[in-house]
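Chemist: Top line first, the protein sequences correspond to chains D and E. Using the working numbering, read the first sequence as starting at 1 and increasing by one per residue. Using the working numbering, read the second sequence as starting at 1001 and increasing by one per residue.
Among these hints, one or two may not hold up.
[Stated by the list, open to error] Calculated cross-link-like contacts (lysine-lysine; reagent style PhoX-like; alpha-carbon spacing at most 25 Å):
#1 D:K83 to E:K1057
#2 D:K57 to E:K1055
#3 D:K14 to D:K83
#4 D:K71 to D:K14
#5 E:K1057 to E:K1003
#6 D:K83 to E:K1055
#7 E:K1017 to D:K96
#8 E:K1071 to E:K1055
#9 E:K1003 to E:K1071
#10 D:K57 to D:K83
#11 E:K1003 to D:K14
#12 E:K1071 to E:K1059
#13 E:K1017 to E:K1003
#14 D:K71 to D:K96
#15 D:K9 to D:K71
[To be verified] Over 10 Å on every C-beta distance to chain E, these chain D residues come out as not near it, computed from the model:
#16 S7
#17 N18
#18 Q50
#19 E62
#20 E72
#21 L90
#22 S97
#23 Q100
Hint data in this document are derived by calculation from the structure and do not stem from the laboratory. Ideal placement from N, C-alpha and C gives every residue a C-beta, glycine not left out.
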Amino acid sequence: DGGITQSPKYLFRKEGQNVTLSCEQNLNHDAMYWYRQDPGQGLRLIYYSQIVNDFQKGDIAEGYSVSREKKESFPLTVTSAQKNPTAFYLCASTLKSPGQGTEAFFGQGTRLTVV
Amino acid sequence: SQKIEQNSEALNIQEGKTATLTCNYTNYSPAYLQWYRQDPGRGPVFLLLIRENEKEKRKERLKVTFDTTLKQSLFHITASQPADSATYLCALDIHFQKLVFGTGTRLLVSP
């Protein structure tokens, strides 16, 4: 079955550590996105990528980094510079670039907790 | 500044009634507006989208309207059921830029 997979589902991090969240899709989608969701809040865009080896900052990119070396993979690193990283992280993909009316498919999310 | 606003308070309605949710935005020019459903602890699921030059779109019990002059979309669920209880998110699909989401509105349908 085609889909988008995030791992791990739950992640605990000590303060000062970097952690990497995995996102893989086998839908052959061009664009991929990372969002952060805090309790009772909507989705805030961290980074997005429209093609391999290219990505753009979203609205809250500080303290995060990404790479897009393969079409199917878009890992997110939460660095120690991110002051409040505890949140629910969602990865998504769309068949085409934004603005072309293709629906987003989401992974199941990774819940990151700083301990 | 750019904003997408949805009612932050939960919407409580009785089964069988029509639920109407609102999405307002400022300083964006979306090519499409999309609506998603999100259940607790899960990723959003796409419901339907409407193009900037369309006024209304329907899918089964769902109806979306889009007014680019008012910068507003309304999302209707007719004959609502308890299974429709969830958070509903609107999203702006912006030309060659990004896909941005609103804050979401929680809908509670009582039997």
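Chemist: Give a verdict on every hint.
Modeler: To see whether the hints hold, each was checked on the structure:
1. D:K83 to E:K1057: violated, 42 Å
2. D:K57 to E:K1055: violated, 32 Å
3. D:K14 to D:K83: Measuring from Cα to Cα gives roughly 12 Å; hence the hint holds.
4. D:K71 to D:K14: Judged against 25 Å, a Cα distance of about 31 Å means the pair is violated.
5. E:K1057 to E:K1003: Holds, because 24 Å separates the two Cα atoms, which is no more than 25 Å.
6. D:K83 to E:K1055: violated, 43 Å
7. E:K1017 to D:K96: violated, 37 Å
8. E:K1071 to E:K1055: holds, 12 Å
9. E:K1003 to E:K1071: holds, 11 Å
10. D:K57 to D:K83: holds, 18 Å
11. E:K1003 to D:K14: Violated, at about 34 Å.
12. E:K1071 to E:K1059: Judged against 25 Å, a Cα distance of about 22 Å means the pair holds.
13. E:K1017 to E:K1003: Violated: E:K1017 and E:K1003 sit about 30 Å apart, past 25 Å.
14. D:K71 to D:K96: holds, 12 Å
15. D:K9 to D:K71: Roughly 22 Å separates the two Cα atoms, so the pair holds.
16. S7: The assertion about D:S7 holds, with a minimum of 13 Å to chain E.
17. N18: holds, 24 Å
18. Q50: Contrary to the label, D:Q50 does not stay out of reach of chain E, its closest Cβ about 8 Å off (not over 10 Å).
19. E62: holds, 17 Å
20. E72: holds, 18 Å
21. L90: violated, 5 Å
22. S97: violated, 6 Å
23. Q100: violated, 7 Å
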